[in-house]
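Each chain, written out:
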Amino acid sequence: MNKRTVLVGSLAFSFLVAKAQEREKSEFKLKETEVELLYNHYLQSGDNSAVTGGEGTERLTVYGPSFNMNKTVGKNSYHFQLGADIISSASTDNIDNIQSSASRLDARSYSALTYSRYLEKSKTTVTIGLSGSIESDYASFGKFLGWSKTSKNDMRTYSAELQVFNDDLRWGRLDDGFLSEPQFLIYPVELRFQEWYDDYKRDSYNLSLGFTQVVDQRNTIGIFSVLSLQRGLLATPFHRIFFNDDTRGVEHLPDERQKLAVSLRWNTFTKGGIIFKNSIRGYTDDFGILGLTLDNETAIKLGPKWTILPSARFYTQKGSRFFAPKGEHDPGESYYTSDYDLSTINTWTFGLGWKHWPANRKNRGLHNFSFRYFYYSRSNGLRAHTISTSFNFLKKRRVKRKNKK
Amino acid sequence: MESCSTTLKPYERQYINDPEMLMAGSSAVKFHQYVCAIREGAVVAEGKKGSGGCGCN
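Going line by line, the protein sequences match chains Z and R.
In this text, residue positions in the first sequence follow my numbering: the first is 1, and each later residue adds one.
In this text, residue positions in the second sequence follow my numbering: the first is 406, and each later residue adds one.
DMTMM-like mimics (lysine to aspartate or glutamate), calculated; alpha carbons at most 20 Å apart, straight line:
1) Z:305 - R:425
2) Z:271 - R:417
3) Z:271 - R:423
4) R:435 - Z:34
5) Z:152 - R:417
6) R:414 - Z:154
7) Z:301 - R:425
8) R:414 - Z:216
9) R:435 - R:423
10) Z:396 - R:423
These are computed hints drawn from the structure, not numbers from a lab.
Next up, chain R with everything else stripped away, as it sits in the complex (with noise of 0.2 Å):
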């Protein structure tokens, strides 16, 4: 990897730009992360909790 100060140019951001690549994940995989917060003691530390819900059954 090069070194992470290096600035890349409007030509070379074709790979970091590719929607699949964004760090927000799709509205599906944003469901399933929901059902596994429910399931699961844990909470998800970068995804956005869109309302609430008991979710308790």
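This is chain Z alone, in the form it adopts within the complex (with noise of 0.2 Å):
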């Protein structure tokens, strides 16, 4: 028996006990935990706030753990997910014009659960999901349902998922402890005179469809398109509007948003080791929005335990026929913003990071740990960096399954 068989042997062997995704079939399954600690520095300057009317500082901070946890037992899967973002924001506390502190400090806390269980005769799998978010202004609650199925030779996967968000923009959940009731909308402290809004919901409905074909042994193709549904109060109540009479009035948008983006997307695995995560994705809604991204995301393998992770994304876009800067917009208008983040914008982002795996990928404790910085750098002068770190654990192991009575 010549080397070539023993090697190609051993290796047919050792990926089919490997893949940690793998069904089995046998009197064994597989029980696997994994946990993720994650936590994300953001900073960003600026000075093209919306709630001053288009003109403000944007600086922001945010401080944001967050706790993962997935769990496979079999043909079982969860998915646990607890965070939350402590927000230090200055253009938020110049909704009343009253310096409190250096910043005014807000916290988004935010979970998420999810139960997925794959059928092995039709090779798909169902998922179920329920998401929750809270800050002062703003509650969320996200139900969702999945469903994934791959060709009978795993060369294909189809996916769909729906999401449904029902938010409410009230303020006043934090402001006596945890989950207090909603007060009111509110606006910024000049304009509290009358209620701008009868609305205080918004809801969010979106459909998502994936396919993704493995081409050959180094290639991955994938197509991924989002319908996008929003009705209700789709305008942010504290941000002010200046006319060009000089009169004020708050951000006013239509109760309806349709969206559709469109992504394509190619992974390849070079010869040199190198792999390559290159997408471009179209956007588009009834806002007047249009959307181009090209992005790239690499990873170097130096070796067993370490890959370099650099990344690059440029994004244009064509901003919203509502959009104007301040001062700019007539009080004759139906719909109006100064908010830039709808404006024609282009985006550069450069990121840069690495993964360690340090126990030679054993199927107990510490499984990788994982830093990436970005710079995030757009055309009307905003500026953010963002610092994530990640550290996983894993448990695998192989238990018995109970015998059916």
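Two chains, two separate frames, one set of hints: put the complex together.
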């Protein structure tokens, strides 16, 4: 028996048992628990805050710890996420123009729970989930239902997911501790002489479709789309509008918005041990926004223990017809915003990071940890830095199936 | 590239099955996509929106 035969046979045997997502047909089933401790730190600066009508500081810091857990027992998988974004925002402090501190503090707590069941005969996975997030001026409750199917030869995957979010924009949930009764919509301090909106709810319905195809040993392609419908209060009630006649108002947008995004993706594992993940995305909505994204993430494997992760992204956007800078809206217009997120912009992102597997990828303990930095630059002067660190713990073993009586 | 109808044997999947080859991004990438979705008008086609949140600041 020559060396080549032994090597191929050994590889075949090892890949049969090593793949984490492999479905067990024997008397044993896979039990896997993965825990991720993640911390995101976000720093933002800019001078076009919508809170002050399109001019003003956008200085913002977010401290974002989160905990993710995935547990797989045979054909059942559970995912739990819990996190918090502690937000220090200079622009939020300008809602009432009272400098209460260096900048106002807010906190967004969020959680999600999903359950997936793998149906072996049809190679189908069904997923259901719930999510929720709460901050002082926003509460969101999400439900989702997902389906994915892999072809018999494991070369194609089809997926579909429906997400429904029911949001409430009233203020006051964190005023007297956690989960106080929400009070009212918050307007800029000088504009609280009337109720500008009757509605305080926002509902979002997202339908996501996906298709991936394994092309050959080193290439995978995918096509994804999202169709989104939003209804309700889509404006932000404490965003100011300065009209061209020196009067003021609050942001006013239509009560319905339809969005469509399509993405093409190509992942390739080159012979030099470098993985390129390339995507091109198009976006359009009935606010008049058109967007195009070119995105590359690269993984440079320096060996079994280290991977370097550079990335680059370019985005160009034609802005909404409802946008105009400070002082340029006419009070006779039906809809108006000075939020530069909806304006004509170009953005650049550059990222660099690394991932390390310290323990030869054993089935227990610290599996890997990673560090990533992103620099975000927007053409109107907004700049942002994101630092993300992640520690992944993995416990994987095979347990004997219980005999069915 | 070979024909799309070719089936790969398990031992031929070592590159396709690499965790870095997954279509879904890492948690760090998802957070950055979330930031981009707030600071731009577009939504991410293949990203999963894990929760709501104003992001308006």
